[in-house]
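Undergrad: These protein sequence lines map, in sequence, to chains A and B.
Last residue of the first sequence: 119 in the UniProt record's numbering, with the numbers rising by one and none dropped.
Last residue of the second sequence: 119 in the UniProt record's numbering, with the numbers rising by one and none dropped.
In case anyone wonders, no lab produced these hints; they're calculated from the structure.
A quick note: this is a predicted structure, and the numbers were derived from the prediction, not measured.
One should not assume that every hint holds.
[Said to hold, decoys possible] In silico lysine-lysine, BS3-like type, Cα no more than 30 Å apart, as pairs: (1) A:K38 <-> B:K8; (2) B:K38 <-> A:K68; (3) A:K38 <-> B:K68; (4) A:K8 <-> B:K8; (5) B:K38 <-> A:K8.
2 protein chains.
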Amino acid sequence: MFDPTSLKYDAKGLIPAIAQSPEGEVLMMAWMNIEAVKRTLQSGQVTYWSRSRQDFWIKGETSGHLQKLIEMRVDCDRDCLLMIVDQTGPACHTNRRSCFYTALRDGEEVEIMAPMTDA
Amino acid sequence: MFDPTSLKYDAKGLIPAIAQSPEGEVLMMAWMNIEAVKRTLQSGQVTYWSRSRQDFWIKGETSGHLQKLIEMRVDCDRDCLLMIVDQTGPACHTNRRSCFYTALRDGEEVEIMAPMTDA
């Protein structure tokens with residue numbers, strides 16, 4: 001059986017968690033503590049630990065842009081998580097599908113993704 | 001122009017960097033300091049900061065499993081990097097293509113990826 005205590009958390013008790021769509025798009029990276037890992041696995045709703053608010057953060061709870069967990073994966077060092085998720089709408093608070101919408105091209109920052117519309 | 005000092009590094013001067021293949025496979029996550037970001041962009045060879053060795057780590061320098069940078073992306077909070085890379089062979093030190101080869105299914109850890117062979 002998987003044991004959440006077997007993961008390696010940092011000095012603050014956190015582990016980075018990457019969210020990816022089934023189509024392969026990396027949507028965001030945020031942090032979990034052991035309780036957030038447990039809640040995510042139990043509820044199927046991806047739940048991070050907000051470092052700024054110092055509180056649990058059920059992704060999409062206020063925005064409606066929920067992340068439903070499809071599968072959680074653990075890396076070889078057990079210090080990073082990859083989650084395949086069913087993302088409702090944008091994952092980014094800027095309303096873009098992914099938080100990684102800025103690319104570096106020829107030394108310049110280029111916006112490669114527009115905000116989503118509700119239409 | 002992109003300025004590496006504009007990124008947000010943690011208390012140890014590090015920023016997480018996710019490596020992904022052009023086909024969408026998340027290969028690994030490791031850490032960079034500002035100098036590693038600069039070296040990666042200048043050389044095109046992905047260069048991390050090894051927290052265990054406290055030294056620069058040109059990915060694949062000893063194994064030959066190099067990561068050639070295709071494109072670096074910055075997230076909305078400027079505290080995480082996503083790199084699209086051309087990965088030679090396995091990204092993982094276990095010889096698997098990706099470090100995320102362990103999935104949690106029905107509460108159990110399942111190995112979903114076998115080590116690559118040189119054949």
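Undergrad: Check the hint pairing K38 of chain A with K68 of chain B against an upper bound of 30 Å on the C-alpha distance.
TA: Since the Cα atoms of K38 of chain A and K68 of chain B sit roughly 36 Å apart, the hinted pair is violated (cutoff 30 Å).
Undergrad: What's the verdict on K38 of chain A and K8 of chain B, does the C-alpha distance respect the 30 Å limit or exceed it?
TA: 29 Å, holds
Undergrad: Regarding the pair K38 of chain B and K8 of chain A, is the alpha-carbon distance no greater than 30 Å?
TA: 29 Å, holds
Undergrad: Is K38 of chain B within 30 Å of K68 of chain A, Cα to Cα?
TA: Violated - the C-alpha atoms of K68 of chain A and K38 of chain B are around 36 Å apart, more than 30 Å.
Undergrad: Within a Cα-Cα threshold of 30 Å, do K8 of chain A and K8 of chain B meet the stated pairing?
TA: 23 Å, holds
Checked against the numbered hints given earlier, this structure breaks hints 2 and 3; the rest are met.
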